[in-house]
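Colleague: What follows is each chain in one-letter form.
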Amino acid sequence: MSSQEDGAAEPGPDTVGPSSSSSSTDNDATTGDIISVTIGATVPTGFEHTAAEEVKEKIGVDARISKDRGRIYFPITTDKLFQVHLLRSVDNLFVVVEEYDNYQFKESKEETLMELQELASKLPWTNALEVWKLNRTFKKKKGYRKGGNGTKGKPKSEAAGATVADTEQQELPQATSTVENQTEESVPEAESDTQDSVEAAPRAILIKFRVTCNRAGDKHSFSSNEAARDFGGAVQEFFQWKADMTKFDIEVLLNIHNVEVVIGIALTEESLHRRNISHFGPTTLRSTLCYGMLRLCKPQPSDIILDPMCGTGAIPLEGAIEFNSSFYIAGDNYDMAVNRTVNNICHIQKRRADKGSISGLPIDTVRWDLCSLPMRTSSVDIIITDMPFGKRMGSRKKNWDLYPSCLREMARVCRPGSGKAVLLTQDKKCFSKAISRMGGLWRKLHTVWVNVGGLHAGVYLLKRTEAVFGQTPEDVYESREELWFMYCFYFSFC
Amino acid sequence: MKLLTHNMLTSHVKGVTKGYPLLIKATEVKMNEVEFNPQFVSRMIPKLEWSALVQAADELGQRQDLPGELVPDYEKNEDFLKKVHRLLLEVEVIEGCLQCPESGREFPISRGIPNMLLSEDEA
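Residue numbers (numbering that gives the first Met the number 0), protein chains in the order written: chain A, 0 to 493; chain B, 0 to 122.
Be aware that one or more of the hints could be misleading.
So the derived list for chain A, only partly shown, Cβ under 8 Å to chain B, looks like this [as the list claims (entries may be wrong)]:
| no. | residue |
| --- | --- |
| 1 | I75 |
| 2 | T77 |
| 3 | D78 |
| 4 | R87 |
| 5 | V337 |
| 6 | V365 |
Since the hints were made in silico from the structure, they are not lab data.
The beta carbon of each residue, even a glycine, is placed where N, CA and C say it ideally should be.
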């Protein structure tokens with residue numbers, strides 16, 4: 000990390016000041032010399048380590064987990080840049096322009112903002128802009144998918160080219176009812192729109208940009224709004240780019256977390272995280288969160304993996320694509336849910352067929368009642384699901400009755416000894432209580448605390464005990480009174 | 000519905016003790032190509048009820064020369080594994096129903112989705 004004072008730079012887009020990262024010169028732009036940069040990635044909070052694991056596995060480098068939750072950083076060389084788009088656990092990617100570990104903000108707001116403005120012309124933009132250019136070529140080739148449209152409202156802009164987020168980096172809210180009404184495939188339209196605008200922007204002449212500022216911490220004298228506005232203004236003047244909130248080529252990120260300041264350039268658009276889903280439901284999970292949950296349970300070849308409350312099928316579908324040597328059975332009691340799941344599966348299969356690959360996925364869909372699963376006892380290796388939250392679906396009272404019955408039924412179908420469950424729930428109290436009464440069938444191995452649509456939730460990794468179902472007091476006797484009686488009876492013999 | 004799924008499904012109508020395997024009555028069947036993974040198939044075979052798979056294949060007229068009993072050393076027999084792969088993953092029942100062998104209750108299959116919901120009095 001460098002200090003605030005950087006080398007001086009001349010203004011203008013092509014003659015940005017000397018870079019502070021490794022080996023390049025200003026003129027290696029189009030010759031394809033390999034340069035080394037730092038990539039930042041936002042990941043679902045709680046799954047930073049999982050994401051770092053994936054980076055190690057697929058890119059072969061060690062990632063650093065930021066104190067700012069939900070972010071990891073790792074080095075990469077431009078010849079390997081395309082690999083970042085193979086990562087399934089990241090929501091958004093950006094290339095770091097500069098990082099400050101311990102930025103000393105000035106006392107007054109005026110001085111601080113002035114300094115931010117001065118910063119714009121001093122930053123080592125060259126390498127990051129090269130990476131941004133290189134990254135654009137991948138998108139054009141891939142026919143980049145945009146995911147669901149309008150899944151969240153964009154914040155109102157206060158000034159040209161600036162946008163704000165005053166709180167800590169939040170996960171994007173879940174699909175709203177506007178998206179639910181989209182029954183057609185919105186994806187192909189979205190693709191062509193964005194590609195058109197990218198093609199249309201002539202490169203060196205009129206680059207459009209915006210600044211997104213995320214600020215967290217209680218000792219700052221300024222708001223993210225103000226920082227974005229002033230920094231954005233200085234960037235605009237320095238590069239002579241045009242500020243545009245919605246149709247921009249370059250998104251400059253200004254992330255301020257206490258004394259940690261990171262300036263970056265986005266490599267992905269925001270709506271990437273629901274990559275597999277074209278038919279949304281009210282509570283569709285991000286694919287990155289699904290991937291994190293799947294990695295947690297380490298699917299093995301030939302594992303039978305069940306999602307008994309699949310909703311739109313986000314979890315099993317991600318599994319069928321990324322961990323495709325297992326078999327997925329997605330089930331739900333709601334007819335719209337199973338229909339959406341099948342639609343999403345068909346959409347992916349068609350996309351694969353269009354690319355000339357073998358399209359069939361190892362996944363099936365059933366309509367069922369999860370408290371009475373029509374499955375053979377001990378036939379399932381892994382159960383992975385998003386359990387209904389009291390606030391978004393179901394109710395606290397319903398969960399009180401639902402959780403014990405479904406945990407019991409899941410224990411029945413799950414293979415004793417080797418079986419596992421990965422369960423996401425926001426109703427931690429109800430869940431913990433239900434699990435504590437099932438010690439004979441389920442053992443808690445690990446919990447990951449996550450943030451889903453602004454709600455704090457837990458992902459519980461459970462192990463199915465060796466006990467055969469039908470022989471522990473929990474599964475034989477359903478009511479508490481009977482259970483209590485049974486224990487008394489049993490212990491009176493000891 | 001794939002036959003691998005069918006192999007796990009059972010009737011859960013109240014009072015039924017011999018609800019497995021469900022009988023398949025198909026009115027529409029499709030083939031859907033899935034990538035062949037020999038390790039997947041050979042590890043899956045021990046988890047299956049082999050006779051139920053054979054019966055299901057028969058009901059769909061897809062049995063071809065599948066043996067009624069498992070042959071020894073099947074793990075190395077790629078031809079055999081390919082046949083099993085095809086049956087487990089590539090044959091799909093799109094329309095029809097599954098029937099409980101004991102009670103006769105029929106569970107409809109539509110768009111490839113079996114509807115296993117029971118009514119209040121059946122559960």
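Colleague: A closest beta-carbon separation below 8 Å is what the hint needs, so does V365 of chain A meet it against chain B?
Modeller: OK, holds: V365 of chain A within 8 Å of chain B, min 5 Å.
Colleague: Against chain B, is I75 of chain A within 8 Å by beta-carbon distance?
Modeller: Since the shortest Cβ distance to chain B is 30 Å, the answer is violated.
Colleague: Return the status of the interface hint for V337 of chain A: holds when the least beta-carbon distance to chain B is below 8 Å, violated otherwise.
Modeller: holds (5 Å)
Colleague: Regarding the hint that R87 of chain A lies at the interface with chain B, is the smallest CB-CB distance below 8 Å?
Modeller: violated (18 Å)
Colleague: Does the closest beta carbon of chain B sit nearer than 8 Å to the beta carbon of D78 of chain A?
Modeller: violated (29 Å)
Colleague: Should the interface hint for T77 of chain A be scored as holding, given a Cβ-Cβ cut-off of 8 Å against chain B?
Modeller: Hint violated; T77 of chain A Cβ to chain B Cβ min 32 Å, cut 8 Å.
Hints 1, 2, 3 and 4 from the list above are not met by this structure, while the remaining hints are.
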